[in-house]
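Chains as they are written, first to last, in my numbering: chain P, 1 to 156; chain C, 1 to 769.
A couple of the hints might just be wrong.
Unchecked claim - List of simulated lysine to aspartate or glutamate pairs, EDC-like, C-alpha gap at most 20 Å:
1) C:Lys209 to P:Glu45
2) C:Lys209 to C:Glu235
3) C:Lys454 to C:Glu437
4) C:Lys212 to P:Asp34
5) C:Lys311 to C:Asp741
6) C:Lys446 to C:Glu411
7) C:Lys209 to C:Asp255
8) C:Lys159 to C:Asp196
9) C:Lys176 to C:Asp203
10) P:Lys28 to C:Glu235
11) C:Lys454 to C:Asp571
12) P:Lys16 to C:Asp330
13) P:Lys16 to C:Glu328
14) C:Lys545 to C:Asp571
15) C:Lys671 to C:Glu645
Simulated from the structure, these hints should not be mistaken for laboratory data.
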Amino acid sequence: LNLNIFPVTYNDGFYKDVVKDENRDITKLVYVSDMLVGAICCRFEPVNKNLKRVYIMTFGVLTAYRNYGIGTGMLKYLISVVSKVKGVQDIYLHAQVNNEEAIGFYKKFGFDIIEKKENYYRKIDPPHCYVLSRKATPLEEEKGEEDKEKKETEEK
Amino acid sequence: KDLSLLQVQRGLYDGFQESRRQILLLKSDQKINWIGYAVGNHMAKDYQKCLHILDTFIKTLDKDKVWDYQDSEMFLYRNQILEESGDLMGALKDLDEIENDARDKQHIWFRRATIQAGMGDLASAEAGFRKLLEVNNENHAYHKGLQQAMGLVPDSEGKYTEMQIKTLSELYDGFKAKWKYCTYAKRFPLTFTHGDDFKARVDAYMRPKLRKGVPSLFRDLKALYGDKFKVSVIEEFVKAYYANLKSKRRFSEKDEPDSETPNVFVWVLYYLASHYEFLGQYEEALKLLDEGIAHTPTAIDLYVLKARAYKHLRDYQTAYEILNFARELDLADRYLNTKCVRYAFRAGKVQDAERIVKLFLRETDTLDSLFEMQAMWYEVSAGLCHFKQGNFGQALTKFYSVEKHFEDISEDQFDFHTWCLRKSTLRAYVDMLKYQEVLRGHRFFKKAANNIIKVYTTIFDKPQKTADGSGEDGDVDMEKLTPKERRALKKRQKRLAAKAKKKQEAEEAKKKAAKDAEDAQKGTASAQSEAAKASTLKESIPDGKKYAESPDPLGQATKMVKELQLYAAKDIDTHIAAFEVYIRKKRCLLSLQALKKALKIYATTPPRDKKYKHIPTHTTTSSNKTPNPTLHCHIVLLSKTLREEKELDPLVVKICALETKAISEFPVGSKSLTEFNDEFLKANSSSLKHRVAAARCRKLLGADDDKAAAAIVDDKLADVAADLDSCVEAYEFLKGLKLPDKAESLRSIFHKKYPITPDFKPPASKKDS
Chain P
1 LNLNIFPVTY NDGFYKDVVK DENRDITKLV YVSDMLVGAI CCRFEPVNKN
51 LKRVYIMTFG VLTAYRNYGI GTGMLKYLIS VVSKVKGVQD IYLHAQVNNE
101 EAIGFYKKFG FDIIEKKENY YRKIDPPHCY VLSRKATPLE EEKGEEDKEK
151 KETEEK
Chain C
1 KDLSLLQVQR GLYDGFQESR RQILLLKSDQ KINWIGYAVG NHMAKDYQKC
51 LHILDTFIKT LDKDKVWDYQ DSEMFLYRNQ ILEESGDLMG ALKDLDEIEN
101 DARDKQHIWF RRATIQAGMG DLASAEAGFR KLLEVNNENH AYHKGLQQAM
151 GLVPDSEGKY TEMQIKTLSE LYDGFKAKWK YCTYAKRFPL TFTHGDDFKA
201 RVDAYMRPKL RKGVPSLFRD LKALYGDKFK VSVIEEFVKA YYANLKSKRR
251 FSEKDEPDSE TPNVFVWVLY YLASHYEFLG QYEEALKLLD EGIAHTPTAI
301 DLYVLKARAY KHLRDYQTAY EILNFARELD LADRYLNTKC VRYAFRAGKV
351 QDAERIVKLF LRETDTLDSL FEMQAMWYEV SAGLCHFKQG NFGQALTKFY
401 SVEKHFEDIS EDQFDFHTWC LRKSTLRAYV DMLKYQEVLR GHRFFKKAAN
451 NIIKVYTTIF DKPQKTADGS GEDGDVDMEK LTPKERRALK KRQKRLAAKA
501 KKKQEAEEAK KKAAKDAEDA QKGTASAQSE AAKASTLKES IPDGKKYAES
551 PDPLGQATKM VKELQLYAAK DIDTHIAAFE VYIRKKRCLL SLQALKKALK
601 IYATTPPRDK KYKHIPTHTT TSSNKTPNPT LHCHIVLLSK TLREEKELDP
651 LVVKICALET KAISEFPVGS KSLTEFNDEF LKANSSSLKH RVAAARCRKL
701 LGADDDKAAA AIVDDKLADV AADLDSCVEA YEFLKGLKLP DKAESLRSIF
751 HKKYPITPDF KPPASKKDS
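Let the sequences and hints guide you as you build the complete structure.
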């Protein structure tokens, strides 16, 4: 899947990391009609004893299956899972500067560009990328539901 | 008692009946003896006596107790006897009586309806089957029963009348409305409708399945592919789906754009590719598949189909590589694993195949466990591979393993004799006994037996080749050496053999030492039993090498021939194999017998591509017009043998002459065989297969190479009907003659037609195998 979607290749170490237990909840595959069409791979990166960040390593859907809400579903899922974990500072990723589609997509979900890294990539052009980040807060709709739940338990 | 067990084991039913009677007389208080005697009578076809016994026994039972399963089985068994004895009326009445006592109600209803249909009471039968369908609307037997009861059966060619079609349509549309999920009601109408009605129905049938992504849709509709009209209709539709889905993601112009999701496109593409692949249009299929793979590289089925296309084009290496790639996409899929093993064997990759199959065995298992598991698919696959590579010993090991399994299955029935009688599961028991009588008609056995025969005939034809493929000295012609050289050679061979043996022994000792050390660590008890198990297992696996070195290969082959003639008498392959063996033994009468049978079978079955073998044939009474090329060769060979062989018994020759006069396919009287062959060639020159047969015959009759080749290659070659197999045959034959130019030109012609097939690739670009 990754070979097809991304211009960069990943080595075996990457895939070993991906199936680690701690990363289980934030690494998922998406199937349509028994065919694998999308995947999201993330990992936890500790900042210090109490804080960690979630890094999105790969996130992609086969060309033919885009614009059907699969990507949205994956990202929403990630955000909701992460928002329930304590001590997460933010979710962040790298995106190639010319990848307007991706940047626009993440911005829709509240990601902001916090940094630009020159010559991040070795073999593709342009070699620069943006770092996009989002605080690990739940999405708006979910927040509303959570508040309702809290109210109910309080009333009881 | 033991005698009776043996008798039923061996199928000696008259003896069994008698023994059982004796036992009953001795010990008439044991229920099992009564039942045993009843079964004995049944198998000996003495129905009246059987009924009498059962009735007497039933009278002795306690009438007031609630009948349990065993008793219910007995009642049903008794009913079966009534039916088999032909007393349908009695059986029918009996069904009414036992209905309350017997447990298997559905069975009773089914038998009742079937008997009523058999006796002509169609109205009741129809009602009965309808009732059954209410319970289970997918049961094909019930549907067929209903159709028969309503007189809705096709004629001998498989065609329905207009009236029948109308009734069937109404019937099944009604069922479809009543039972929303009944697949039979949706699928069966495709079989009997045609024209525009068919068009509408097939369109409606395919769409939801393609949407859902049912990979087996093609397999489902394959049964319809005997009908050219239907094939073209389906092709038209699917091509339209493909175009529309590609451009606008919808099935047809009448639908809204974007009404379908992208995965549907993949399945439509898969169907279309399967369609082309089946019809032999491999280029189209492969083009589509590559497009599909670019679209959704994770769709495993596309790769599997691609590999299959390469297999059909005889590029086994590439087929294996593609399928292996597919397998690695999903290592947990057992189907991909076993398919990959078979493809590896086809490509001659023995070690790869063994490695891959091990992935799905337990960690403690070795390859020998496959023998224990009776994995016949593996053994046949491996056997064919070894045969192709010339390892006759190993090939025979595998094929004889299959034979051993059947022997074991037959032996295993022994335990059931006492058990079934005790538990009164009589219907199933009797079914099992009947099955044992036809056991070796199973296709795995046929495959193994046919191949064993082929191996032996190959060994017979090439006696210099040693069992495992010749060693370095094997090709030396013994007669050319002086006695001194011969002795030296023998000495050298002996020395080498001793050396090899010593090496083997050393290795085995080493292995054993290692194992012993291991065992000491593991703990002796379990290790010993394991070792004992492993060694008994190894002993039970047939030793192919011994078979291959047998001094009488044809004798061994004959054993297999006899089995096949007994159990697979309706297969033309059986008789062709029999002929091959007997003609080499110079047994002309037996050869003739086999040939006669083969001709008869061929005359009544229409010839057609083996890819249509899943569509049932209707044996035609009109005889087959085109002669069978293989049989033609046999006729020529037999005739030649009869005329020329010096050592034949004159009586044999006379009888054969009388017989062959009556067979139209044989040459008349003393006609020259060359002439006979030429006539055959002229009459069938539009088929490459026949040309090759004629060419072989020419060579057989002593014509020089040029003449033989001329049978195949001439100006009209371009118009000749040829499929891939006959092209390969023709090319191989020409290569065997000493005419490199002609062979080369033929090769390039075929290469243009089949660029992927490695047999036709130019020799320079061929990889070293």
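Okay, the hints, checked on the actual structure:
1. For a cut-off of 20 Å, the pair hint linking Lys209 (chain C) to Glu45 (chain P) is broken: about 45 Å separates their Cα positions.
2. Distance restraint check for Lys209 (chain C) and Glu235 (chain C): the Cα-Cα separation of roughly 16 Å lies within the 20 Å cut-off, and the hinted pair is therefore satisfied.
3. Distance hint between Lys454 (chain C) and Glu437 (chain C) is unfulfilled; the C-alpha atoms sit about 25 Å from each other, more than 20 Å.
4. Note on Lys212 (chain C) and Asp34 (chain P): the hinted pairing holds, with a Cα-Cα distance of about 10 Å set against a maximum of 20 Å.
5. Distance check on the hinted pair: Lys311 (chain C) and Asp741 (chain C) sit about 29 Å apart at the alpha-carbon level, beyond 20 Å; violated.
6. Our distance criterion of 20 Å between C-alpha atoms is met by Lys446 (chain C) and Glu411 (chain C), whose separation comes to about 19 Å.
7. Our distance criterion of 20 Å between C-alpha atoms is met by Lys209 (chain C) and Asp255 (chain C), whose separation comes to about 17 Å.
8. Of the pairs offered as hints, the one joining Lys159 (chain C) and Asp196 (chain C) holds, with about 17 Å between alpha carbons and a cut-off of 20 Å not exceeded.
9. Distance check on the hinted pair: Lys176 (chain C) and Asp203 (chain C) sit about 16 Å apart at the alpha-carbon level, within 20 Å; holds.
10. About 39 Å separates the Cα atoms of Lys28 (chain P) and Glu235 (chain C), which puts this hinted pair outside 20 Å; it is violated.
11. About 16 Å separates the Cα atoms of Lys454 (chain C) and Asp571 (chain C), which keeps this hinted pair within 20 Å; it holds.
12. Restraint check for Lys16 (chain P) and Asp330 (chain C): satisfied, since their Cα atoms lie roughly 17 Å apart, inside the 20 Å limit.
13. Proximity of Lys16 (chain P) to Glu328 (chain C) is assessed by CA-CA distance (about 16 Å); at most 20 Å being required, the pair is judged to hold.
14. Distance hint between Lys545 (chain C) and Asp571 (chain C) is unfulfilled; the C-alpha atoms sit about 29 Å from each other, more than 20 Å.
15. A threshold of 20 Å between alpha carbons decides the hint, and for Lys671 (chain C) with Glu645 (chain C) the separation of about 17 Å falls inside it, so the pair holds.
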